[in-house]
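Read off the chains here:
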Amino acid sequence: MDVLSSLGDGFVVAFTLQNLLLALLGCFLGTVMGALPGLGPSNGVAILIPLAFTLGLPATPALILLTSVYYGAMYGGRISSILLNIPGDEPAMMTTLDGYPMAKKGMAGEALALSGIASFVGSFFATWGLVLLAPQLVKVALLFGPAEYFALFTLAFATLGGIASRNQAKAAFAAALGLGIATIGVDGQTGVPRFAFGEVHLYDGIDFLVAIVGLFAVSEVFVFLERHHGNADADSSKMTIGRVTPPLSMLKKTTGAMSRSTVIGFIAGVLPGAGASLGSFLAYSLEKKVSDKDGTFGKGDPRGVAAPEAGNNAAAGGALVPMLALGVPGSGTTAVLLAMLLALNITPGPLLFQQNPDVVWGLIAALFIGNVMLLLMNIPMVSLFVRVLLIPPKYLMPAVAMISFVGIYGISGSTFDLMVMVGFGVLGWVLRKLDVPLVPIILGVLLGDQMEKNLRRAMTISDGDWTTLFASPLSIALWAFAILGFVAPIVFGRFFRMKKREEDVGD
Amino acid sequence: MSDRIFGVIGLLLSAFYVWQATLIQESFIQDPVGPKAFPVLIAIVLAAASFVFVLRPDPAPQWPAAGRLFEIAVSAALMIAYALALPEAGFVASTAVAAAFLSWRLGTHPLAAVIAGIAIAIGIYVVFHLILGLSLAEGPWGF
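Taken in order, these protein sequences are the chains called A and B. Numbering of the first sequence is given in numbering that gives the first Met the number 0, commencing with residue 0 and proceeding in unit increments. Numbering of the second sequence is given in numbering that gives the first Met the number 0, commencing with residue 0 and proceeding in unit increments.
It is worth saying that the hints were derived from the structure and are not from the lab. Virtual Cβ for every residue (Gly too), placed ideally from N, Cα, C. Where hints are given, some of them may not hold.
Said to hold, decoys possible - For the chain A half of the interface with chain B, some residues (derived, Cβ under 10 angstroms), not all of them:
id	residue
1	Leu131
2	Gln135
3	Leu136
4	Val137
5	Phe223
6	Pro246
7	Met249
8	Gly299
9	Leu341
10	Ala342
11	Asn344
12	Ile378
13	Ile402
14	Asp416
15	Arg455
16	Met458
To be verified - Just some of the chain A residues that point at chain B, by a computed CB distance under 8 angstroms:
id	residue
17	Asp1
18	Gly255
19	Asp357
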């Protein structure tokens, strides 16, 4: 019962006034960001990292603030899905299928409350899963040498495109681009500058925060400019939500849906290459298979609201397992959270659990606290968050852009970094148009240094013998999964996408 | 077509990257792999992926009309100008101008956009500088 006592210590860390207030602030901001279309969890956390960093918050409070935002955004995404039929963020897509019909039937309040409870159930049990599973994974990770780490990083890149990936070549391109950007600057092993073109600013390399904020937040501004989309999608007539407590009978009816979806979502979150979007998709599809006997799914069935919400919140918790235990994120937002850890000079992975147990367990305790706060906030105060949808993007997006500039300028005070950020913004917009995923780029920039270091360390140990990369059974297994994970979407992807499209458009 | 052009750019990029990698000065500290091997590995992946785009392009995306494209370019240029103006004109003035422009391009009435720009600039200044104590660019007037 080691784990429980560690968790207890974690609660001691988290239960300070400052940390509780930060968790509260994070939950609030996260819900708002999740609710606003155009500001998802990745964007939200990306903008806040440089701010948390420049405000000089110590590691644990900063982590508590930002993971609360992460959990909060997962709650917030459902609000616009249900009321406007527009997912506030990608994982909330499946919630539109039954959430919006429920709202049209005049049951918006019930749908919001029910999805809030489903979110709570999903993330509460997923956080327990994190508590129990992460220390086990750490034990495995301690067996990893440099060669295994190199294989693990390859595995992360190979599977990041995900099972539903449209074009694996584009995912590979994005990963290589990110890794290439990471090689810019002075080589850590031998001290020679690489790809710096004599530009002094580039000797330090490109700050990953600059790349992240540029690719996510600034490119979003360009997307809005392109669509000339300045008015809010909401008007107050759609904002009547009625009672915000679900009847007990509805809760009873959805218990099965919630528990099944939590398990599915958690597994999808832990596995590399799945993440919250797939978690909610699988949860919804399974629930439909199991309980759609009268064809009520898609027409406002409460179980169709509870399932994807429990699924995506459970996946959000599950995705933290590989991120904390191995230092390898399984989804886009956890990649951004990894950036935050690196910015705070914390290297996640097995050593984190041994060297900074207060950080890990304080964080996990904060997740429990944040989750309760989110439930309390999201049921009675939901009408407040609904108002947020009335903010038109024509005022919001300029503010977002300016706050991004403030954060990056605060880190370095350098005009050069700001220009690089704008460059990344334009790049991000073009790549989005071409359907190139941005997350592998981020992950490449984040992990490039580590990946190369492990490769070269393995080579140094073996004195230049490349077969060392495939020498241990563990690394062979990792390579096998990497190849499988990369090839599977090419073979099965078509089938998956067809099914997903059916769900999206059909019924 | 877009994908084909993109693929060609990718191929050129990887060629340039390899060329630059061969120019890396080796230092007297050495490890068996050296600073060039990893970049070359990356370039191979980059080139292979680009080659696939050329051979099997996806359907082209809907590019915005020339006018809209120009607007995006101007906005990007404005952001660069904003970055350059920050140390000269200070935070509040530059931000007000930049935010007003973006808000105007997103469809706000010009007068409302000016007000929005000033409000955003002052709002950020109050929250991040006065309350949270973040250091923002100081211009000739100290704000």
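Interface hint compliance - Asp357 (chain A) to chain B, C-beta minimum distance less than 8 angstroms: Constraint on Asp357 (chain A) not satisfied, violated at 25 angstroms.
Is the shortest C-beta separation between Gly299 (chain A) and chain B less than 10 angstroms? violated (33 angstroms)
The hint names Asp416 (chain A) as touching chain B; please verify it with the least Cβ-Cβ distance against 10 angstroms. Hint on Asp416 (chain A): holds, closest Cβ of chain B at ~9 angstroms, below 10 angstroms.
A closest beta-carbon separation below 10 angstroms is what the hint needs, so does Leu136 (chain A) meet it against chain B? violated (27 angstroms)
For the hint on Ala342 (chain A), just tell me whether its beta-carbon gets within less than 10 angstroms of chain B. Hint violated; Ala342 (chain A) Cβ to chain B Cβ min 16 angstroms, cut 10 angstroms.
Hint validity - Asn344 (chain A) Cβ closer than 10 angstroms to any chain B Cβ: With a closest approach of 20 angstroms, the Asn344 (chain A) hint is violated.
Would you check whether Gly255 (chain A) satisfies its interface hint, that is, whether its CB is within less than 8 angstroms of any CB in chain B? Violated, because the Cβ-Cβ distance from Gly255 (chain A) to chain B comes to roughly 40 angstroms (cut-off 8 angstroms).
Arg455 (chain A) as an interface hint toward chain B, with CB separation required under 10 angstroms: holds (5 angstroms)
Per-residue hint verdict: Gln135 (chain A), partner chain B, C-beta under 10 angstroms: violated (32 angstroms)
Does Met249 (chain A) hold up as a contact with chain B if the rule is Cβ-Cβ below 10 angstroms? At 40 angstroms from the nearest chain B Cβ, Met249 (chain A) fails the 10 angstroms test, so the hint is violated.
Hint check, Met458 (chain A) versus chain B [nearest Cβ-Cβ separation less than 10 angstroms]: Because about 5 angstroms separates Met458 (chain A) from the closest Cβ in chain B, which is inside the 10 angstroms limit, the hint holds.
Would the hint on Pro246 (chain A) stand, with a C-beta cut-off of 10 angstroms toward chain B? This interface hint is violated because 42 angstroms lies over the 10 angstroms limit.
Violated hints, in rising order: 1, 2, 3, 4, 6, 7, 8, 9, 10, 11, 12, 17, 18 and 19; the structure is consistent with all others.
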